[in-house]
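Asks: Sequence:
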Amino acid sequence: MGLRQFGRARLLLLGGVASVLVLAALYGPGRGSQPLVLFFSPWRIEKQLYKLDLSWPKFPELFTGQTFCVAVDHIHGLVYVGQRGDHVPKVLVFSEEGYLLQAWNTTLEMPHGIFALNTANDSSVWITDVGTGEYGHTIKQYSPSGKLLQVLGIPGVAGSGTNPVQFDQPAEIYVEHTGDIYVVDGDGGMNNRLLKLTEDLKTLWLRGENGSGTAQFRIPHSVTVDSFGRVWVADRGNQRIQAFDKTTGEWLGSWSDCFVEDGPYSVRLTADEKYMITAQLNIDRVLILAAPPVGSIGDCVVVDTIQLAARVRPHLLDISMKSGAVYVAEIGAQQVQKYVPLD
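Reminder that position 113 of the sequence shown reads as 131 in the numbering used here, one-by-one numbering, no gaps.
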């Protein structure tokens with residue numbers, strides 16, 4: 019079954035829903051007194067929100083490579099897993115019940131991120147390829163059965179161009195039902211940027227360069243869009259999540275207090291947008307954050323954690339918009355695990 023979850027971290031909640039820790043320094047007679055000191059903490063207690071589904075998948079031994087990414091097509095009940103390795107299928111397709119349905123060994127070199135676009139009438143799978151060989155530096159769109167539909171970027175050629183668009187180890191993609199495309203380009207290559215493209219691959223706007231300042235990135239690793247018109251980027255190397263206006267690309271703010279120990283590797287929102295969920299690879303942890311507020315985004319607040327076994331190394335994750343289940347791709351354990359809501 020591979021490595022499995024062994025416990026969950028818990029923190030104390032002070033004052034109901036307060037997010038500060040209060041420290042009173044008391045001194046004896048003759049030594050004077052110190053004022054009350056307040057320290058901000060992004061952590062607060064809430065009940066456990068998810069539990070591990072030990073029955074998923076039905077046959078874990080079918081994972082034969084390093085599982086880097088996972089995407090859920092909730093309309094058709096499919097879970098796509100991207101894995102790396104020699105002589106292994108690069109994509110496995112499971113049902114949400116855990117049965118293997120298909121396996122592809124196709125024009126992919128090193129899959130990194132995967133996104134399932136699903137509507138009532140159509141669906142497709144988008145995969146970023148960070149390889150440096152003849153198929154790399156690209157994003158590929160496939161049919162649900164694995165037929166290659168189109169390629170974004172120039173296969174085998176790293177670049178920073180926007181007409182035509184080029185990539186250097188693109189990390190992840192998010193595609194809206196309108197056809198607009200958001201790409202975080204820079205899983206260690208020359209680019210550290212967020213692009214918004216039209217359906218016919220024209221660049222609408224571009225933000226970012228290498229650095230730690232406002233709207234700069236150090237390995238932008240994951241991207242998602244909420245219903246309030248905001249684009250959220252897991253800025254892995256800078257240990258923060260940044261937010262942008264999806265229409266203009268304007269920087270809206272960043273979250274950093276939750277990522278002191280390790281940067282965010284993924285960013286996804288639950289269907290009701292009550293929670294944002296991210297993985298922290300180096301400390302084997304999944305964070306459940308409070309929903310981003312409308313308007314000024316403030317800073318992040320952790321409402322629950324899933325502490326995984328050592329060296330599981332959670333990389334990217336996805337959430338079923340139907341069941342609410344969270345699927346976590348784990349590089350170290352070479353598996354995908356499923357966590358289901360307790361509510």
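Please note that the accuracy of each hint is not assured.
Dumping the calculated EDC-like pairs for lysine to aspartate or glutamate here, alpha-carbon to alpha-carbon at most 20 Å [stated by the list, open to error]:
hint, residue 1, residue 2
1, K340, D71
2, K340, D140
3, K340, E114
Ranges between beta-carbon positions, derived for each pair [stated by the list, open to error]:
hint, residue 1, residue 2, range
4, I93, L360, 21 to 31 Å
5, P173, L360, 37 to 47 Å
6, N181, Y117, 38 to 48 Å
7, K340, K65, 21 to 31 Å
8, P173, L70, 33 to 43 Å
9, N123, D244, 28 to 38 Å
10, S73, E268, 37 to 47 Å
11, T216, A328, 38 to 48 Å
12, D280, N228, 15 to 25 Å
13, W223, Q325, 19 to 29 Å
14, I301, L360, 38 to 48 Å
15, F246, K65, 22 to 32 Å
Quick caveat, the hints were computed from the structure, so don't treat them as lab data.
Keep in mind it's a predicted model, so treat the numbers as computed, not measured.
Ideal Cβ placement from N, Cα and C applies to all residues, glycine included.
Asks: Decide, hint by hint, whether the structure agrees.
Replies: Outcome of the hint check:
1. K340 <-> D71: holds, 16 Å
2. K340 <-> D140: holds, 17 Å
3. K340 <-> E114: Holds, at roughly 10 Å.
4. I93 <-> L360: 21 to 31 Å: holds, 24 Å
5. P173 <-> L360: 37 to 47 Å: Holds - the Cβ-Cβ distance for P173 and L360, about 45 Å, lies within 37 to 47 Å.
6. N181 <-> Y117: 38 to 48 Å: holds, 44 Å
7. K340 <-> K65: 21 to 31 Å: Once the Cβ atoms are compared, 23 Å apart, the range 21 to 31 Å for K65 and K340 holds.
8. P173 <-> L70: 33 to 43 Å: 39 Å Cβ-Cβ, so the 33 to 43 Å window holds.
9. N123 <-> D244: 28 to 38 Å: Given range 28 to 38 Å: holds, Cβ gap about 35 Å.
10. S73 <-> E268: 37 to 47 Å: holds, 45 Å
11. T216 <-> A328: 38 to 48 Å: Once the Cβ atoms are compared, 44 Å apart, the range 38 to 48 Å for A328 and T216 holds.
12. D280 <-> N228: 15 to 25 Å: holds, 20 Å
13. W223 <-> Q325: 19 to 29 Å: With Cβ atoms ~38 Å apart, the hint is violated.
14. I301 <-> L360: 38 to 48 Å: violated, 23 Å
15. F246 <-> K65: 22 to 32 Å: holds, 26 Å
Of the numbered hints given earlier, the model fails hints 13 and 14; all others are met.
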